[in-house]
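Q: Single-letter residue listing:
Protein chains: 4
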Amino acid sequence: VERKNVLVRTKRGITSGETTYNRFTRDQEVVLVDVARYEQENHEAKCFVRAGPRERVVWAPGEVKACIVTCGGLCPGLNDVIHELFQVLYYNYGVDVIYGIRNGYRGFWHEKYRPWERLTPSMIAHISQQGGTFLGSSRGGYDLEKIASAIEEHGVNQVYIVGGDGTHRAAELIMQELHRRKLKVCVVGVPKTIDNDVGVIDRSFGFNTAIKHASTAILSAMVEAQCTPNGVGIVTLMGRHAGFIATNATLAAKNVDMCLIPEVDYSLTEILEHVLAVVSRQGHCVMVVAEGAGENLLQDAPSITDESGNVKKVGSIGLYLKGQISAYCASRLPAEEPVSIKYHDPSYMIRSTPAEAEDRVYCLQLAQNAVHGAMAGYTGFTSSQVNHRSVYVPISVITAASPSRLNPKGRTWERVLSITHQREPKKKQLASKL
Amino acid sequence: VERKNVLVRTKRGITSGETTYNRFTRDQEVVLVDVARYEQENHEAKCFVRAGPRERVVWAPGEVKACIVTCGGLCPGLNDVIHELFQVLYYNYGVDVIYGIRNGYRGFWHEKYRPWERLTPSMIAHISQQGGTFLGSSRGGYDLEKIASAIEEHGVNQVYIVGGDGTHRAAELIMQELHRRKLKVCVVGVPKTIDNDVGVIDRSFGFNTAIKHASTAILSAMVEAQCTPNGVGIVTLMGRHAGFIATNATLAAKNVDMCLIPEVDYSLTEILEHVLAVVSRQGHCVMVVAEGAGENLLQDAPSITDESGNVKKVGSIGLYLKGQISAYCASRLPAEEPVSIKYHDPSYMIRSTPAEAEDRVYCLQLAQNAVHGAMAGYTGFTSSQVNHRSVYVPISVITAASPSRLNPKGRTWERVLSITHQREPKKKQLASKL
Amino acid sequence: VERKNVLVRTKRGITSGETTYNRFTRDQEVVLVDVARYEQENHEAKCFVRAGPRERVVWAPGEVKACIVTCGGLCPGLNDVIHELFQVLYYNYGVDVIYGIRNGYRGFWHEKYRPWERLTPSMIAHISQQGGTFLGSSRGGYDLEKIASAIEEHGVNQVYIVGGDGTHRAAELIMQELHRRKLKVCVVGVPKTIDNDVGVIDRSFGFNTAIKHASTAILSAMVEAQCTPNGVGIVTLMGRHAGFIATNATLAAKNVDMCLIPEVDYSLTEILEHVLAVVSRQGHCVMVVAEGAGENLLQDAPSITDESGNVKKVGSIGLYLKGQISAYCASRLPAEEPVSIKYHDPSYMIRSTPAEAEDRVYCLQLAQNAVHGAMAGYTGFTSSQVNHRSVYVPISVITAASPSRLNPKGRTWERVLSITHQREPKKKQLASKL
Amino acid sequence: VERKNVLVRTKRGITSGETTYNRFTRDQEVVLVDVARYEQENHEAKCFVRAGPRERVVWAPGEVKACIVTCGGLCPGLNDVIHELFQVLYYNYGVDVIYGIRNGYRGFWHEKYRPWERLTPSMIAHISQQGGTFLGSSRGGYDLEKIASAIEEHGVNQVYIVGGDGTHRAAELIMQELHRRKLKVCVVGVPKTIDNDVGVIDRSFGFNTAIKHASTAILSAMVEAQCTPNGVGIVTLMGRHAGFIATNATLAAKNVDMCLIPEVDYSLTEILEHVLAVVSRQGHCVMVVAEGAGENLLQDAPSITDESGNVKKVGSIGLYLKGQISAYCASRLPAEEPVSIKYHDPSYMIRSTPAEAEDRVYCLQLAQNAVHGAMAGYTGFTSSQVNHRSVYVPISVITAASPSRLNPKGRTWERVLSITHQREPKKKQLASKL
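Chains as they are written, first to last, in the numbering used here: chain A, 14 to 447; chain B, 14 to 447; chain C, 14 to 447; chain D, 14 to 447.
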């Protein structure tokens, strides 16, 4: 039976009339992926299904039971996504039963979180002005069998999962398991990563907010370095596999003197020489370091003993460089004017902020489309934006392309070089890596 | 003579080596415009030339004399654009003579602004953290003959103009006049409008920053209204022709009860009835009103006498509605609990803020590409982003498509309706407009 | 019966032990009022009772029923005061029954607000990070008889009233009426006014937060004015009777060119000449105007017709000056470069912000001491700070000294003159006022 | 020869008239220090000279040569102090020669900083909206002989020194040395410390701004902890000797679960048990730790090896506790739900921010009075505020009372206990410290 997609807002007692969407998206509508064309190319187009409300929905009113879960690290906008998933399910589609799963995948099955909590309008009314996730989150806790059974047991037929590429891989397995059990359940993802390293899509939500706070941290480091003779500021930013935050925050902050990202390997000598040259010339130096940068350097780093007495490898490239720069400059600068190095790690302050306005609108859009897709019967997709258009991307396409990396031959990196006046690493250095 | 595009940063004494771009953009590279495809469509593609540095530049080092001018109202990011135009001209292309034209078009020719000021690195070093425009701006002052003569007289051959659609129309005439005079001068635009009503392009710079501050203003109005019995907040936002700011700020702020934009006409009765219903139900009401909304209503508004004693028509839809709502509710609510209406106009506080991080990166990108285009010999284009890609759009294409308007049958408006729970205006109302 | 003041936190199940205050304040402890001494003065000291927890409390555990009400306009910090009144009553003194009175004095008696709402820890857990007042507020609704009867009827014996001088006058009458009825009820005030015009005390809560946002608004106006040829910015700030906000925001923002306050009368000519001189010299001018300034000027202002068609006197000195400056400069500046005047009224955006950290600590302190005083049996006092020390000031002393005014011969005004370079008004002008 | 204190603003071409101060402060005016009185006390009063412009100044116009230096760590407001010292010297007293000493005490004598830089109005015009210090700062570089000689050589007769208690001690020695050389030079201090541990005075400038950003950091840590199962947040704040920032930020942020300061020693067991109890009860725990807290604990801490390979004692109490809590909870919580500890150190981000409005007004006041005092012939004093009044405090009084400490039996600490519900340390613990 096909059903007409009618906004059932009357049910919630807000308006007295009945209204419908202006225009429905048809399933044949697609969005092209490769929009930059070169003369010699063939014109076969890769494309994704366009997102939006469909004229026909596959679920009867009252039939839907939904649940929402957030997994992994914090990211600005999580509460906006939760808020809007709820709003559209509840007000636009009249869904009554919407569970909030606590603290990530474990919340599905652990007895501590039983019974599942049903969300209400008043519970989520004010969450979107706050950072973090109203539902809590966690890494781990994934137990496919228990999760699938819990979903089956609660009769849930729409599962909304907000998380990164690991979370999405797990979501796909859940979908397959539910399919194996012959359950009619939609599994829908909303990609979340503060590192912006989800492939295919324009950008992940919260990224603009992260850039903002990251560049504020850089500006603080800059003030500190400039006011101190031979001041050196090292700002470690998020980005295990990709330098998106480090590079964009650098471009926003300007006046950064060196930016290190996982995609571009510098030798220790190149870094130290550059820092010393900058300090000697302008009296201070500001570095932005993605947390995943310099893996080539850390391999040679000495072991340290931490506060718990454990012997371990240096884990933080920023702290490692702090030590190296200090030692290197000590022998090359006048004893009376040593470098004064300040280490900044604003990571958690960035992750826990509420989303800025534009990211909030983006979250709203992603969440609304996630629900439209599920109501239309799609499953195994993630709600995204590609080439400035809303689309449904198969989860498998997203996970295959993630984590993505910044193109070290691309425009963003080029712009960073032009801002920082740092030089590209020498070719032989890159060669020696192989 | 064709010249190789070599970064001449050595000249500025910053690095000792010589470097070049990783990859040049070829002129055949284009970006598709229509990326959402429908089955039955033909596949002829409209496209724009891709922006980026070209391998060959048409100007010899030392030959270029450039000038930069900003026109029209303030918008976050102007200083970022000025800063980066200067940086790329000066550091990447070794241009020595870069004039800053003061206070818009008038600054080209008015004796008050003679001699033109040459920009230096120290002058623009810190401007991008400040709001407004370092060069000053103004509306008007356009005198084609005098501007062209001043450009000729100063021997300037690259003119960078930052402004809205009116400014771009004027820029095209300048280009034609210079052409008529057989002068080899590039005229390059960077589109600027706080209203985001430039057609074709993804969005204009400063828009995300504007949304942020606009939604903050809405949240203030909300607090004020919620704390007052029968409190009504009216927030007037920018948007003479288009509701982009009003709608996006509404989506970001959430909990708005009515949003009025120029593209959708409501009757006075519909507005008043909705406000009264909301106030009666929840005890307060928050309205967001684009400054250009409700022109249909203002035609019938009475004349007022202003503080200077001038008799004139009501110019502000927000103030007009304030009066109407007050009168309407007076007769329908208990005398002891009248509506308490607060009027908010945050316009200038929004326009004058510095750009947020993401907008700063966007400005940097637009400005760098503007210079790359000019150095490659392009003229009469504007530096923009279409479908998430950097492109050069002919000025005539931009002006023909501007001011653009929000699609009243589109997704953004639909989302506003779903947030505010306001109903679409009655059809006959729309009909009666014809 | 006297009772020992013991922290009864055990009751709330938070700690297992029992704890008491480190040091109790004795009733003989006082705080001197006049701490600046002149040689020839006699040394009789005016002083107030020092605030703080007393060793003996007059109420038995379980005996207290309290209520909290907020009256008048919004002010940053209201929620912090409510939050901490509740916390100390509930956790430190074990009070179970704490009513929140809605929307000011009317909330005591109006049937719409029956039954009174009992506050719970979860209700107030997160309010202090939000602007406005959780309880709502309003002006008016004062009915002595009904309020006293409602208090009697509910058996409330501690009434906490947060409001301005009018509210405090009303509070004293309530206390007298309850006394007349031979009811043992404490009436306690916490002084609130965004204008900071409460006499005797160091400053009212929320003032520092207000200064912050006011100076931000001035900086916006400054950017706007500086970027426009002959730009004039007029910023109207709160202050009907007193220029505390206008002067302090001016000192914080710096670079203001003229500041007008109710305590100092300038002639229209003096103002216009100063503005024209500044515009002619530096190309722009920024004025800060307290809303109560220039009453002498408004008396001569023409009538206007507002948007509702009502004929009335100009009510806003800022708008009046806008008209006057525009007309005055029109005849004195070149026609091609008229003044461009922007009017800014950030009032509601300032009032509705959450309190900044220091104000939050101040609110906490005022609220804790209010409760300590009531528990010790004091009534008819307001919790305040005088000479950097916490004190209890009799309500009658506060109301007699309010609204207070800035000393036009004092240091703050002198500092404003030194910042703005505006001159003091001519003596004859002051004389003509008599 | 005595000279009349006349504002010489005419000289700077700003106003055409001549103006004078409304009221001069007489040298007999004093401000009482002990304003809280107890019945039995004697009434001998300790007092300081009141600050303000004097009628007679000891310097002839044109005679004064001043210099300004900032020493030690960054603190919000340094630029405001520099800005206003310059403004009052230059505009109010017509001083032409005002040197800016670079990078602290070393800047007086090191050849690298020769010749001294003369400050101009345009150099300092916009500094007060920026963090840090325009002059640069540093620790160390103090060489009494060289400094005194440099001052003598430059003919400087007013030395303004902004710094902490160490800096003030050095300033007094400079004064004595100059005196020994029979030079007529005023040495004036403005107390600066982000820790607020300067004795005698109400508070040091920048403290309110520091509290604000510190409490923001705590709120971030709270979001992070709340969203994570068994999340523990440790926020290290400034305060080597005193817990002023830690306690006040805790009071502003609320919902903190434990606050540790140098003035109150807890045993490791007490801390660990409290944290475990809180985590077990509410699922997360937020700690605020002053950097100087827990010295008793660090004595027993194991050695670690840092990134440079150096073996050293654990220096950070926060990191030490992180390790201890992790180990302690590991054996007491279910293995599947370990504590997740996040360490936050916002120190440099706080130090480098620009001052908030109220602190800016405070800086302006301190700086103006510093100059008034010097012009009146005072020397060896520091410009301060005591009991809400501006005073001149002898440098020796300030240094004798610094660093000051929070009273562990006082109200602030009591409020912290009432907020955090942590218990006071056991008596025997305190005893064992002796």
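You may find that some hints are simply not true.
Claimed, not checked - Here are the simulated distance ranges between beta carbons: (1) His192/A - Gln295/B: 39 to 49 Å; (2) Pro438/D - Leu157/C: 23 to 33 Å; (3) Leu157/C - Gly168/A: 40 to 50 Å; (4) Thr282/C - Pro351/B: 50 to 60 Å; (5) Arg436/C - Ala414/B: 51 to 61 Å; (6) Met136/C - Pro128/A: 36 to 46 Å; (7) Thr282/C - Ser409/D: 35 to 45 Å.
Simulated from the structure, these hints should not be mistaken for laboratory data. Heads up, the beta-carbon is just placed ideally off N, CA and C, and yes, glycines get one too.
Q: Now tell me, hint by hint, if it's right for this structure.
A: Now the hints, each set against the structure:
As the Cβ distance of histidine 192/A to glutamine 295/B is approximately 44 Å, the hint placing it in 39 to 49 Å holds. About 51 Å separates the C-beta atoms of proline 438/D and leucine 157/C, a value inconsistent with the hinted range of 23 to 33 Å. Checked against the hint of 40 to 50 Å, the pair leucine 157/C and glycine 168/A fails, with Cβ atoms roughly 59 Å apart. Taking the beta carbon of each, threonine 282/C and proline 351/B are about 40 Å apart, not inside 50 to 60 Å as hinted.
Here the CB-CB span from arginine 436/C to alanine 414/B is close to 54 Å, well matched to the stated 51 to 61 Å. In this structure the supplied range 36 to 46 Å is violated for methionine 136/C paired with proline 128/A, their Cβ-Cβ distance being about 24 Å. In this structure the supplied range 35 to 45 Å is violated for threonine 282/C paired with serine 409/D, their Cβ-Cβ distance being about 53 Å.
Of the hints listed earlier, those the structure fails to meet are numbers 2, 3, 4, 6, 7, in rising order.
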